[in-house]
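Working from the sequences, and respecting the hints, build out all of it.
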Amino acid sequence: MTLQSKLIFAMCFLLPLHAATLYAQAPRGPAVLTSKFWIYEVDERQDLVFNLPWDEQPGDASINVASDPRVPEFARICLMTSEQALRERLSSPANAAVWVQLGQAGATERITIIINVLPRQNLYRQLARLDREPYFWHWNEDSRVPSLALSNYRRGSFVWEAVATPETCSQPPSQNLSEYLNYAARRLAIKR
Amino acid sequence: MKRLYALFLLLGALSIVACEEPLHRSSSQVDVTRVDHSEVKRQAIGNCWLYAQATWLESMLKHTDSYETNVSETYWTYWDLYEKIMNGAKLDDAGEVPTGGSWQRSTYLIQNYGWVRENDVQALDQTPEKMSQMQACAVRELKKALAEGGVLADSHLRNDQLVRDALDQAFSCQGAYPFDMNSIRQEKVVTAEETKLVDPATNQELPLSEWLQRWREYSNPANGLSTAKQGKKLPTEVERNAWRRLEQRIKRALNDHQPVVLSFFVSFNAPNDDGVFNFYTLAERGDLGRTGGHMLVLHDYTVRNAPERGELGEGDLSPEDKALALQGDLDLLVAKNSWGANRWDRPWIGNGYSRITWDYLMGRYYDERDKVFRPFLQSVVLPPQY
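So the sequences go chain by chain: P and E. Its first residue numbered 1, the first sequence is counted upward by one per residue in this note's numbering. Its first residue numbered 1001, the second sequence is counted upward by one per residue in this note's numbering.
Derived by calculation from the structure, the hints in this document are not laboratory data. Any given hint could turn out to be false.
[Stated by the list, open to error] If you only want the chain E side, here are some residues facing chain P, beta carbon under 8 Å, derived:
1) Lys1229
2) Gln1230
3) Gly1231
4) Lys1233
5) Asn1272
6) Asn1278
7) Phe1279
8) Thr1281
9) Gly1286
10) Tyr1365
11) Tyr1366
All of these numbers come straight from a predicted model, not from anything done at the bench. Just so you know, even glycine gets a beta-carbon here, dropped at the ideal spot from N, CA and C.
Quick look at the structure:
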């Protein structure tokens, strides 16, 4: 594998009804969840090897198979943990209200769970330097650099980004979801 | 001279502006009642930074003597180009004459060359609807002179007389305009030392040279923070506090009618139909579109969530409302621009005053060339004590 190579194990699915129907409040529909595993490797210099989808040299191993054997078990467990964490935080009365408000303003109902998979915990700081630490954000489209300025909440997907290592499964900071949803709601409310 | 030039190139790195002109269109009306400003002008070349400097000086002069003065950008443009060419400037990568600059560079030009009135350089050349034909022609002529085979092409052969002759030819548009820089310098120049200006807040009177040293340019608050790769994220608490402090300084200065100068990165996909630069419109359009640096001078602002008032709009408010405005959230800044006014081809420019949301200025854009995120706001020039 070269420095420019990339492996994305994508596991795209609609959650079963009990999980996908995060909110029943009309007129907002349920959040539609999709998940991806971004699996990092290390080279001989112990640097992380991974090309992000918007990098100039795209990878060639984007696999949309949920049960791909290259996804380690700890990452699959982390996905379940992440779904649970997302569900709990999105279900709080305050966040649920903003989610409905966003729906009324036409925001996307899609949420992508990205699990950044590291082979060792001591690579976490390298990952953070790539701006890949746990965070809730919005992604206009896969092929372009994520940008708050250009986020169009009617398009694309919100993203719940977590980090899995054999020892840990890290979720976005506690206030991140509500702060981001409130920011998106403000942006959509002020139609300039 | 070369050493001096290198110095302000270094200083100018804080905010070097290669000014842009607009493309989109729609309509706009903004009340004009706060910081004292002179008539809107329309830049012909990439020297918005000189228009901003002139706007600042005109505002200070208007506060000092109540008269409207038309300070000449053409005069400074001449000496800016003279120094650049004497120091080896070539056509830039796009094959254009390098007309960009910064607040530091324009203050240097004033300190060394003083200022003159525009009608001492050219008669009735500029109006809000009409750009300076003299500057436009000068740059066209200099482009020929600097191009291969031109009289200024070989930087080793340049000397004072050769460069001055070429500039005189260019600014006279090959004789189409009467132009005599020697007599302008001998008879018309007002020096920075002899120009007395009164501070809008304190009424303290000092020479222009002194005010230029006291007004200071501040880079954006995110400059020292590690946000270069974090374009997807909301500002951190530390960053929000830093922006909040800058917001307070700008609001307090504007409350006191100080002509605060702003440099920012323009995306021409950001203005809406009313000419307001904002993220909503930018995101709807999906990309940055045409971009570039720009400098202008603030005039007013609006806030949301002001205690007891909610929104506070444009116009000179009572001292009580100004105090409440300091506690509200800055919504947008109103600035005197140099893109003309009442233009049939760009109606969204309206009366020449642009509005920019604070959200837009705090945001970050992705610099494709350097592969980093940068804040849209580049710098602010503030008076002392703010």
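Hint numbers the structure violates, sorted upward?
none
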